Amino acid sequence: ETGVTQSPTHLIKTRGQQVTLRCSSQSGHNTVSWYQQALGQGPQFIFQYYREEENGRGNFPPRFSGLQFPNYSSELNVNALELDDSALYLCASSLPGLGSYEQYFGPGTRLTVT
Amino acid sequence: QQQVKQSPQSLIVQKGGISIINCAYENTAFDYFPWYQQFPGKGPALLIAIRPDVSEKKEGRFTISFNKSAKQFSLHIMDSQPGDSATYFCAARGNTGTASKLTFGTGTRLQVTL
Chain U
2 ETGVTQSPTH
12 LIKTRGQQVT
22 LRCSSQSGHN
32 TVSWYQQALG
42 QGPQFIFQYY
52 REEENGRGNF
62 PPRFSGLQFP
72 NYSSELNVNA
82 LELDDSALYL
92 CASSLPGLGS
102 YEQYFGPGTR
112 LTVT
Chain G
90 QQQVKQSPQS
100 LIVQKGGISI
110 INCAYENTAF
120 DYFPWYQQFP
130 GKGPALLIAI
140 RPDVSEKKEG
150 RFTISFNKSA
160 KQFSLHIMDS
170 QPGDSATYFC
180 AARGNTGTAS
190 KLTFGTGTRL
200 QVTL
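These protein sequence lines map, in sequence, to chains U and G.
Adding 1 to a residue's 1-based position in the first sequence gives its number in the numbering used here.
Adding 89 to a residue's 1-based position in the second sequence gives its number in the numbering used here.
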């Protein structure tokens, strides 16, 4: 059973640019959540995807968007990058349904915006 | 609005000692309380979790104590080892839309000395 994988590991972008981050969920998990972890802070929920649709969003602006594909993998897109977007972006996968609560995180993508 | 408060911010414990990390929450709709362990450069790893109908859960050297009336829960690491040195995050699960969202504390950096 493979765990959650993310790519790339590190990324450096310039303010105003756009970035796409990728995530492959753990085998059998069809729900993917994205979190932003600023340095020295706990992860903050961005949004969650289930059945290729966004089913919940945290307090992040619309320039943060995502996709989920039929194989359950997912992308996080951030437009018009700002310096404050520099963070570790984490993807977590889980099983769907009210009875399943565990979320398993990938290693993250470290994004630096200069 | 921070809904999960975690303390202490940092903790130094001697090898073999007991590490205790505390968290308090505000939202009574939270229904699942996991603890994550994070090493530098890695994603958070699920350590142990509890539901609010249980007052204590033990897995190996790790124990969660849960006080529903006080809206507090804590992680106890018995016989702490240098390999336990990491940042620990408490979290609480709630819903946003139909999404299952984790709200994290700010983390506790644990150092276990020889």
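Just so you know, these hints were derived from the structure itself, not from any lab.
Remember, predicted model here, so these are calculated numbers, not experimental data.
We treat Cβ as the ideally placed atom computed from N, Cα and C, and that holds for glycine.
Keep in mind that a hint or two might mislead.
Simulated crosslink set (DMTMM-like; lysine to aspartate or glutamate; CA at most 25 Å straight-line) [stated by the list, open to error]:
| # | chain 1 | residue 1 | chain 2 | residue 2 |
| --- | --- | --- | --- | --- |
| 1 | U | LYS14 | U | GLU83 |
| 2 | G | LYS157 | U | GLU83 |
| 3 | G | LYS94 | U | GLU76 |
| 4 | G | LYS131 | G | GLU148 |
| 5 | G | LYS157 | G | GLU145 |
| 6 | G | LYS160 | U | GLU83 |
| 7 | G | LYS104 | G | ASP142 |
| 8 | G | LYS131 | G | GLU115 |
| 9 | U | LYS14 | U | GLU103 |
| 10 | G | LYS104 | G | ASP168 |
| 11 | G | LYS94 | G | GLU148 |
| 12 | G | LYS147 | U | ASP85 |
| 13 | G | LYS131 | G | GLU145 |
| 14 | G | LYS160 | U | ASP86 |
| 15 | U | LYS14 | U | GLU76 |
| 16 | G | LYS157 | G | GLU115 |
| 17 | G | LYS157 | G | ASP120 |
| 18 | G | LYS146 | U | GLU103 |
| 19 | G | LYS160 | U | ASP85 |
| 20 | G | LYS104 | G | ASP120 |
| 21 | G | LYS94 | G | ASP173 |
| 22 | G | LYS131 | U | ASP86 |
| 23 | G | LYS160 | U | GLU76 |
| 24 | G | LYS131 | U | GLU76 |
| 25 | G | LYS104 | G | ASP173 |
| 26 | G | LYS146 | G | GLU115 |
| 27 | G | LYS94 | U | GLU55 |
| 28 | U | LYS14 | U | ASP86 |
| 29 | G | LYS131 | G | ASP173 |
| 30 | G | LYS94 | U | ASP85 |
| 31 | G | LYS160 | G | GLU145 |
| 32 | G | LYS104 | G | GLU145 |
| 33 | G | LYS104 | G | GLU115 |
Reference excerpt, derived from the structure (chain G facing chain U, CB under 7 Å, subset only) [stated by the list, open to error]:
| # | residue |
| --- | --- |
| 34 | GLN126 |
| 35 | PRO129 |
| 36 | PHE151 |
| 37 | THR187 |
| 38 | ALA188 |
Hint by hint, here is what the structure shows:
Restraint check for LYS14/U and GLU83/U: satisfied, since their Cα atoms lie roughly 10 Å apart, inside the 25 Å limit. This hinted pair does not check out: LYS157/G and GLU83/U have alpha carbons roughly 40 Å apart, beyond 25 Å. Restraint check for LYS94/G and GLU76/U: not satisfied, since their Cα atoms lie roughly 31 Å apart, outside the 25 Å limit. Our distance criterion of 25 Å between C-alpha atoms is met by LYS131/G and GLU148/G, whose separation comes to about 22 Å.
Restraint check: the Cα-Cα separation between LYS157/G and GLU145/G comes to about 11 Å, which is no more than 25 Å; the hinted pair holds. Distance restraint check for LYS160/G and GLU83/U: the Cα-Cα separation of roughly 37 Å exceeds the 25 Å cut-off, and the hinted pair is therefore not satisfied. With a CA separation close to 33 Å, the supplied pair LYS104/G and ASP142/G exceeds the 25 Å bound. For the proposed pair LYS131/G and GLU115/G, the alpha carbon gap of about 29 Å is over 25 Å, so the pair is violated.
At roughly 32 Å between alpha-carbon atoms, LYS14/U and GLU103/U are farther apart than 25 Å, so this suggested pair is violated. Distance hint between LYS104/G and ASP168/G is fulfilled; the C-alpha atoms sit about 7 Å from each other, no more than 25 Å. For the hint linking LYS94/G to GLU148/G, the alpha-carbon distance of about 24 Å falls within 25 Å, and the restraint holds. As the CA atoms of LYS147/G and ASP85/U are separated by approximately 39 Å, the hinted pair breaks the 25 Å bound.
A C-alpha spacing of about 28 Å is found between LYS131/G and GLU145/G, which places the hinted pair above 25 Å, so the restraint is violated. Under the criterion of a C-alpha separation no larger than 25 Å, the hint pairing LYS160/G with ASP86/U is inconsistent with the structure, at around 32 Å. The hinted pair formed by LYS14/U and GLU76/U meets the criterion: a straight-line CA distance of about 17 Å does not exceed 25 Å. Note on LYS157/G and GLU115/G: the hinted pairing holds, with a Cα-Cα distance of about 11 Å set against a maximum of 25 Å.
The straight-line distance between the Cα atoms of LYS157/G and ASP120/G is roughly 11 Å, inside the 25 Å bound, and the hint therefore holds. For a cut-off of 25 Å, the pair hint linking LYS146/G to GLU103/U stands: about 16 Å separates their Cα positions. For a cut-off of 25 Å, the pair hint linking LYS160/G to ASP85/U is broken: about 32 Å separates their Cα positions. Taking the CA atoms of LYS104/G and ASP120/G, the gap is about 34 Å. The hint is violated against a cut of 25 Å.
With a CA separation close to 22 Å, the supplied pair LYS94/G and ASP173/G stays within the 25 Å bound. For the proposed pair LYS131/G and ASP86/U, the alpha carbon gap of about 19 Å is at most 25 Å, so the pair holds. Of the pairs offered as hints, the one joining LYS160/G and GLU76/U is violated, with about 36 Å between alpha carbons and a cut-off of 25 Å exceeded. Straight-line distance between C-alpha atoms of LYS131/G and GLU76/U comes to about 19 Å, which keeps the hinted pair within the 25 Å bound.
For the given pair, LYS104/G sits about 10 Å from ASP173/G by alpha-carbon distance, which is consistent with the 25 Å threshold. For the given pair, LYS146/G sits about 21 Å from GLU115/G by alpha-carbon distance, which is consistent with the 25 Å threshold. For the hint linking LYS94/G to GLU55/U, the alpha-carbon distance of about 28 Å lies beyond 25 Å, and the restraint is violated. The suggested pairing of LYS14/U with ASP86/U holds, with an alpha-carbon distance near 10 Å, which does not exceed 25 Å.
The hinted pair formed by LYS131/G and ASP173/G meets the criterion: a straight-line CA distance of about 14 Å does not exceed 25 Å. Between LYS94/G and ASP85/U the alpha-carbon distance is near 23 Å, which keeps this suggested pair within the 25 Å criterion. For the suggested pair LYS160/G and GLU145/G, the alpha carbons sit about 14 Å apart, so the restraint of at most 25 Å is met. Distance restraint check for LYS104/G and GLU145/G: the Cα-Cα separation of roughly 24 Å lies within the 25 Å cut-off, and the hinted pair is therefore satisfied.
For the proposed pair LYS104/G and GLU115/G, the alpha carbon gap of about 34 Å is over 25 Å, so the pair is violated. The interface hint given for GLN126/G is violated, since its Cβ lies 11 Å from the closest Cβ of chain U, which is over the 7 Å cut-off. A distance limit of 7 Å between C-beta atoms decides the matter here; for PRO129/G the minimum to chain U is near 11 Å, and the interface restraint is violated. With a cut of 7 Å, the hint placing PHE151/G at the interface with chain U is violated, because the nearest CB-to-CB distance is about 15 Å.
This hint holds: THR187/G has a C-beta 5 Å from the nearest C-beta of chain U, less than the 7 Å allowed. With its C-beta approaching chain U no nearer than about 2 Å, ALA188/G sits inside the 7 Å limit, and its interface hint holds.
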